[in-house]
Structures are given as C-alpha cells and as structure tokens.
Amino acid sequence: MRSLVSLVAAAVALAATPALAQDCDWTPERAVTYVVPWGAGGGTDANSRMLASLLEKKFGVPFNVVNRTGGNGVTGHSAIAHAAPDGYTVGAVTVEINTMHHVGLTDMTREDITPIALVDIVPASVLVKADSEYETLEDLLAAAKANPGSLTASGTSQGGIWHLALAGLLNAEGMDPAAIRWIPSKGAAPAMQELMAGGVDVATPALSEGKALVEQGELKALAYMHTDRMKALPDVPTTAEVLDSGWTLAAWITISGPGGLPDDITCSYEKAVLEIVDTPEWAEFKASRGADVVKMGSDELAAYMEKSDAALGSTIQAIGLAK
Amino acid sequence: MPTDALAAVFTADNLTVIVIATLYGTFVGAMPGLTATMAVALLVPFTYFMDPVPAISAITATTTTAIFAGDIAGALLRMPGTPASAAYVDDSFRLSQEGSARKILFVSLLTAAIGGIVGVAILALAAPQLARFAIGFSSFENFWLATLGITCAILAGSGTVAKNFASLFLGLFVASIGIDVAVGHPRFTFGNVELYDGVSFIPAMIGLFAMSEVLRNARAGANVERLTLSLESVAAALSGAVGAIGRLKRVIAQSSILGTLIGALPGAGADIAAWIAYALAKRGSKTPERFGKGSIEGIAAGGSANNAGVAGAWTPALVFGIPGDSVTAIAIGVLFMKGLTPGPQIFTNDPTLVGALFGSFFVANIVMVFTGGLAILAATMILKVPRTVLMPMVLLSSLVGAYAITGSTLAIWIVLVLGIAGFFMEENGIPMAPAILGIVLGRVLEDNFMVSMMKSQGDLVAFFERPVAAVLGALTLFLWALLLIRAGLQLTRGRTSAHLTPEET
Amino acid sequence: MQIDDRLLGLLLVAFGVAVFLVAQTFPMMAGLAYGPDFFPSIAAVGMIVCGALIAVSGVVRARAVTPPAAAAPPPAARFGAGLARPAILCLVVIAFAVLLGPLGFHIAALLAVGAAALTFGAHPLTAATLAVVASIAVHAVFYSLLRVPLPWGVLTPYAW
Chain A
1 MRSLVSLVAA AVALAATPAL AQDCDWTPER AVTYVVPWGA GGGTDANSRM LASLLEKKFG
61 VPFNVVNRTG GNGVTGHSAI AHAAPDGYTV GAVTVEINTM HHVGLTDMTR EDITPIALVD
121 IVPASVLVKA DSEYETLEDL LAAAKANPGS LTASGTSQGG IWHLALAGLL NAEGMDPAAI
181 RWIPSKGAAP AMQELMAGGV DVATPALSEG KALVEQGELK ALAYMHTDRM KALPDVPTTA
241 EVLDSGWTLA AWITISGPGG LPDDITCSYE KAVLEIVDTP EWAEFKASRG ADVVKMGSDE
301 LAAYMEKSDA ALGSTIQAIG LAK
Chain B
1 MPTDALAAVF TADNLTVIVI ATLYGTFVGA MPGLTATMAV ALLVPFTYFM DPVPAISAIT
61 ATTTTAIFAG DIAGALLRMP GTPASAAYVD DSFRLSQEGS ARKILFVSLL TAAIGGIVGV
121 AILALAAPQL ARFAIGFSSF ENFWLATLGI TCAILAGSGT VAKNFASLFL GLFVASIGID
181 VAVGHPRFTF GNVELYDGVS FIPAMIGLFA MSEVLRNARA GANVERLTLS LESVAAALSG
241 AVGAIGRLKR VIAQSSILGT LIGALPGAGA DIAAWIAYAL AKRGSKTPER FGKGSIEGIA
301 AGGSANNAGV AGAWTPALVF GIPGDSVTAI AIGVLFMKGL TPGPQIFTND PTLVGALFGS
361 FFVANIVMVF TGGLAILAAT MILKVPRTVL MPMVLLSSLV GAYAITGSTL AIWIVLVLGI
421 AGFFMEENGI PMAPAILGIV LGRVLEDNFM VSMMKSQGDL VAFFERPVAA VLGALTLFLW
481 ALLLIRAGLQ LTRGRTSAHL TPEET
Chain C
1 MQIDDRLLGL LLVAFGVAVF LVAQTFPMMA GLAYGPDFFP SIAAVGMIVC GALIAVSGVV
61 RARAVTPPAA AAPPPAARFG AGLARPAILC LVVIAFAVLL GPLGFHIAAL LAVGAAALTF
121 GAHPLTAATL AVVASIAVHA VFYSLLRVPL PWGVLTPYAW
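Residue numbers (full-length UniProt numbering), protein chains in the order written: chain A, 1 to 323; chain B, 1 to 505; chain C, 1 to 160.
Honestly, I wouldn't trust all of these hints.
[As the list claims (entries may be wrong)] Away from chain C, derived, C-beta distances all over 12 Å, residues of chain B:
#1 185
#2 235
#3 239
#4 242
#5 247
#6 430
[To be verified] Coverage of chain B stretches by chain A, computed from C-beta distances (three or more under 8 Å per stretch; other residues unrestricted):
#7 133-147
#8 451-462
Keep in mind the hints are simulated off the structure, nothing from the lab. Where is the CB? At the ideal position from N, CA and C, for every residue including glycine.
Could you build the full structure based on these sequences and the hints that come with them?
Pasting the structure below:
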C-alpha cells in the first residue's frame, strides 16, 4: 500500500505524456453523456461537473452529467462499462471499481472500462469530535485495543472505501479489523452528522470532506491517511508518520470510457483532460476544495488501477469482507 | 442586516438573476419528474462564472420556486411535481376539478411565499442556535422523526383505518425493495442491478398519481368533456385566495414555523414538513372531514410548510457545512468554489454574504409571487385543452420525466406497475397518500432503525436513552395509542353503521 | 375496476403471505438482532392484518345490507367493464419502454402519443399532429433545455 502511494506521487510528479501513436484528433459531434455513479453534491459529482463544463468548452458540444446512483456504485459503473464505445459516453469511474467485485457486489472489474485520466486523489482521515478524550491516533488505537468493539465508526456503507480505510488500518496495526465497529451510513455527510450528534465515536471520510468542520474547531482530525500532509491542514499528522505499519489509503476519481474504447478516442480525451488540468480554472477549483491538482494519463492510470486493485483485494481479504 | 449586504442584494445583476431563476424554477418544478435537485445541478456550471451573491441567489430562488411549482401540476393534473406536494395533492386536484383551480393555486403561491419568508426570518434570527439543536440528531432521533411522519400519514389519510394502513404497508413494502443497509442483501430485485438502490420515489409518484389518473380517464364511462372547465376570473381568484389566507392565518403561521424547524433537521426535509403540518392542521381543524377531499386549509398548511422547510434546510448546511439534502450539498460546493467555507464562523467572517443570502432568499420569495402568478395564469389554460389531446401529452411527459430521473427504462416500468396499482387502489377506496409516504420514508425508517440497532447492539432501550429521542418516542407512542383507540371505535361502530358510510369511488 | 371488499382483503392477505415467505429466505448476519427480513416482514404482516380486517368488514357489510345490495349495483356486470382502453394504454407504455432504446426516443414517442390519442378517441389527423408536436416539444424541453440524454436509437447517425 505504501509503495502504491509513492507510485502515485511519482506519477503525479512526472506530468504524464499522452500516447503519441495516434493523431488524437477525434472530436465529438453531438452531446456526450457523462455518467457519475454517485449522487449530486458529492465530491465525485463536483469534480465531474467541473471537468464536464471545461470539456464542453473545449469540444463545443454539450457534456451532460447524469447521476446514475445506486447499488453502492454498481449501477453507474455498469452504465459506463456497458455503454457503446463510441466516445459519446464517458464517466467518473471511482476506486469502487476495484472494491465491489472483491466484496461480491458485481463481476465487473477495471478490465471492463477504459481509463482515460485521473481526476482526483482523496485520502481518508480519522476524525473525532472536538471534545473527544482522544488527542492522537495512538490514544484512539490504545482505547480500541483495550476494549475491542466498544467504539463505533462511520463514513460510508458496509464494505465501502472508508470502511476499508479504517478496518485496513486496524488490521495493518495488528489489531482486530472490527475492534472499532463499523456503522454503515449513506455517505460522508450523514456520517459526520452522526459524529457531531454523538451517535458514533469516529468517522473516517476523506479529509477534504471534513476539512471545513476541522477548521471551524467542531471536529479534531487525528490523522490523514496519506504520505504527505494536506497543504490546507498542515497540522494534521499523516498515518505514514505516526504508524509503524505506515498504512495509507486514498480513494480516487477518474474519467474513463466504456470497455474497448478505440485508441484514437481515448487519447483524444486524454489529451483534452491533461490540457484542462493545467488550466488556472482547474487549479482554482481544486484549491477551493483544498485538494491538489493531479495529472495522470491513460497508461499510467491503468497501471495505477492495477496496483490499487491488488492492494485493495488483499485488504478486503485480510479484514474478512471478501466473497 | 448590514447595509452592504442590502446593497449586494439589490444590484441589477442580482435581481436579474433572481427573476430568471424564479422563472426557471417554476418551469422545472412544474414538469413531472424534474426535481429541484436536478434544476440546481444544471445551474452549477453557470454559477462558476457568477459572483458569490448572485450564484447563491440563483440556487435559493430556483429551489424556492421549484417546490411551489410542484403544486401547479399537482392541482391541474394530479401530478405532484415533488414529494413535498404529495401531502395535499388530492385536495388541490379535487378543488381545481370543481372549478377553482386559479384560486387554490394562488393560495399555494401566497402561502409558499409566506412560508418561505417566515423560514428566512427564523434563519436570520436563530440559524446558529437552530443548527446546534439540529446537529444533535442521530439515527435514534431520525428514526422517531420518520415514525412520526408516517403516523401523520395515517392521521391525515382519508380512507378507513384498515385501508389507510394497507396503503402504508404497501408503500413500506415498495421501500424495502433493494439492498438492505445492514447486510447488503438485494431484496425483491429479481437480479435486476438497477433495483439495488430501491424504487426511486419520483417514478413511483408519477406512477401512483399521474399514470393512474391517465388510466382512470381512459376508462369507458369516464366523462370525457369534464376537464373543459370554466376558469374563474383572475380578480375573483385572487381575492378569493387572499380571503382564504386571511381566515387561515393561524394555520399558516403554525405550519410555517413547524416547517422551518423540521426542514432544519438533517434527517428530514420539505416533504416530512408538509406531511406533519398537514396532519396537525387536520387535528386542529373545524372541518377535518374535508381533508383529502378538497380542504383549502390543508393546502395552506402543506404549501407553507414545505417552502418554509426549504429555507430551514439551509441551517445545518450554512452553520456546519453538513448538507441536509442534495440541494444544499450542491450549494455548499458552490460556496467552496467561491472561497467561502460554511461553518459557525461564516457569520462573523462573511456577514455580508450571509446577510445577502438571507436577503436574496427574501427577495426571491417576493419575486416568486409575480413570476408564479404568471405561471398560474398560463398553466391553468391547459384546463381548456380537450382531454383527448391533453392525456397523451401527460402520458408522454410522465414517461420521459421518469426516464430522466434514472436514465433508464426501469423508471418507465415502475411508472407502469405503480400506475396500475394506483388505479386499483383508487377504485377500491384505498388512499394513495399513505403509500407515497411509505415509499419516501420507509427507507429512512429502516436505515435509521438498523443503524441504531447496530450501534446499541440490539438493545431497544437505546431508543429512549437520549433526551430528544425519548421525547419524540413518547410522542409517537402517544399518537399510536390514539390511533388504536380510533380504530377500535371504528370497528365497533362499523358493525351498526357500515351501510351508512359508502365507499368513495 | 371495483372489486368486493372481501376479495380485496383476501388479495392483500395473499400478497402479504407471499412477501413474508420471500423475506424469510434472506440471509442473516451473525451478531445482528434484526436482519434484512425484518422490515419486509413487518410490511407483510401489516398487509395480512389489514387485508383480513378489510375482508371481515366486507363480510359484515354484505350481511348488514344483504337483501337490497344483492340486486342494486350489479358487481358482476361492472367487473372488468370499461377496462379495454386502460389496458390498451398499458400496452402503449410497455411498447414505449421496449422500443425506446432500439428505435430511439423520437420514433417511440411518435408512436406512443399517436396510439394514446387514438385510444382516447382523437381523430387520426389530430392524433398524428399531436404526436409530432408532442415529440418535438418534449425533445426541446427535456433534451435541449434540460439536458436529459434521450436515446437516439436508429436515428443516432442524425443525432445532434
């Protein structure tokens, strides 16, 4: 897992170079459907809508964002994977493409889609209420070790990515993955509501989701599950610093096409997206959300997804959620 | 309100944006299947290029009017535009059939504006305190809140107790379709992956109301010319509406305040607000028997509560950055884009923006009265359209509207199945309103129950351990006791007077 | 179609029993007091109880009004009467759902609106005009203005 993240870092640093074999001059002639497997208002939706509006400007045809939610991401992902590979359907394939087949939700894997470019990397966090007795991640883990099962945590559905973040962390630290019990939620916002209401003790959503409440002093961020500290919250220690295992976990968002998307279409989109992430508009958008600009083209992304798949697979296996 | 906030609200740009957004919101809200969420999501790319105040104005004005405009299609065609309008759609449809379409739509419009303004006023006065209370709601409180909402559907239902409950349980069954929260097992999906997320309620609502209405109209023997009604003059309609509102001051005030408070709770929203206000108005009414059969009082209660709820929904979003619904989730994203972080400090860091937000909300509610009024005048013209022409149009826009929600033909199947179900229920005196509420709240109810049980590891006492939960729980149990007594009375009395209470057909 | 309360109640009971039986097949997870079957079972039991109540009250009412009711509204004559046009409309909806993907929105909408208008007794010329107008209007509103991606089907080469 650690190597995975350093690979990301390396890839991000090495600004990707688009494939040169084709001319990459395919352009859409009519409206393109941009499928988002998650609800309006979430991080994936916000990133995808921004990207869609910039693609629309670039290509001069409408990019219509459609939220195909449901089945913990299965519905939207299969809508992307099984669309006609003609360039008129793209979508936001997210990290769940690598988790849902391991937990038995679907047979679909990353092989069924064509990665185009990386849009965002979203590391997890460990959040507690501001008046919580736990000041550091070590405190929290010690308490969980002393009384396994007495603490509860939330952030997403059972087997969702933030659940894997916590269970994987506990497992990597040699603890029972259920030492902090997982309480499923409909997403990060309801989970933080539960945390604020005292319904659960811990939440492990993306740090970017909890950033506002941390800045306001309502929540305490005990850790950032990443190799480098978040620029917007430099005081939050990373798990790579404080944990022996060096555990990290990040979700990610891509723009991808259906399986078997022709190379010239893929590289045309790739070229367009890589140009867009270099624009000041994109940088400004990213900064507003407290995120860094990431840049990764189709080939690196495919390799990244492959590594991620293996790593998440072994985590899911280790915490006993594999089916 | 700071003067610079006022200045920011009353710029030509901002006012133009509000006028356009109210027109847009009216249009989208009146179309079946198009939700306020969708309207706002479509706005987002435009807000990228706007200043913060107009951007927020556009969102608030669109949502406010979209919720009101749901009443237009509800009253004229029995197609509630949003679940928030479903509580009183039978009342408004019945009255518009009786020839006072314009009057009751003006009542809807004016009470919506009043509800919205009360909501903003409460927000401006007490948002931080209200948010602090709302943020204390966990799954235990949300469970009781949903239970309370469902209980209200029974209290407000128009059939016999057994038929009301039958309708509710059918709705709860539909809500249980899909993956369950505890184990993730797909229930009643027959292998269809698209059903994993459950039956989405917009197609369900289109089916139960709009589709069943089309089928009813198609039935041989249905009076084909009946829709060609005489319309009241604008002046008569308006003065009738104003008069009615004057008489219903108390109900409107009570519903507006209640709507704001319920809307502020993250687990609830404009729809629960409308239902609870409707049921409460019925309890306090001198003519409860009119409810569900054409009660202006019910329309005023629900109509003011849902727009107040829209304002209330901003509370947790603005104060803690925790969105209560998808509209405010999108709005938070837009605030971030503009470099503004919602949170307790936004009131001290950006008083101008917060003031401008409240100001724009207020202005949007005023502007809505005019744009909405024009929309009513235009929309009521469709009552002049002959049924042979209108019904096929209604059918097509219902089907396309449902398709727009899920982006797949599954929605059309849902419309068909529930349309047939609604048709049969209607014919046999089973009211549809409890079923709709069952579908909308069933998931909320189950998820919060399961999550609470997982937290407490199966200990039911936990539902009464937290103070707010205990109060809500006691209230709900009290209402149930009341219902049981009523049902018992109805049963014993039913033996002697059954032939005196003819079924509605 | 109106059916007798006794039959209506029994139908509800039967449906409730079916739901209940299916719910019992759902898997349980160790350590959970309530599983995925809990809520559907409640709904099922609720339907059974309500169905029974409706049936009983139907029986009571039938007894209370036995002599006149048997003759007054002849249920046998009403049963199923006038359902031809609603049934045709359901077929139109089914056809629309099936044809939407392959033929595309425009052709499916033309057919559906035309057929529905004829079912409602419109003149064929009116039906044809309405079909064209409705399809164009819905295209303009949903596709162009509100950006709902309606399928083009066989017309894909001409899509814009």
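Tested hints:
A cut-off of 12 Å between C-beta atoms contradicts the statement that residue 185(B) is not in contact with chain C; the least separation is 5 Å. With 12 Å as the threshold on Cβ separation, the claim that residue 235(B) sits away from chain C holds: the shortest Cβ distance comes to roughly 31 Å. At the 12 Å boundary, the C-beta of residue 239(B) stays outside the reach of chain C, the nearest C-beta of that chain being 34 Å off. The claim that residue 242(B) is not at the interface with chain C holds, since no C-beta of that chain comes within 12 Å of its own (minimum 33 Å).
No Cβ of chain C comes within 12 Å of the Cβ of residue 247(B); the nearest lies about 37 Å off, and the non-interface call holds. A Cβ of chain C approaches the Cβ of residue 430(B) within 12 Å, the least distance being about 8 Å, so the stated non-interface status is violated. With 7 residues having a beta carbon nearer than 8 Å to a beta carbon of chain A, the segment 133-147 of chain B meets the requirement of three or more and the stated coverage holds. Here the segment 451-462 of chain B counts 3 residues with a CB under 8 Å from a CB of chain A, which clears the bar of 3, and the coverage holds.
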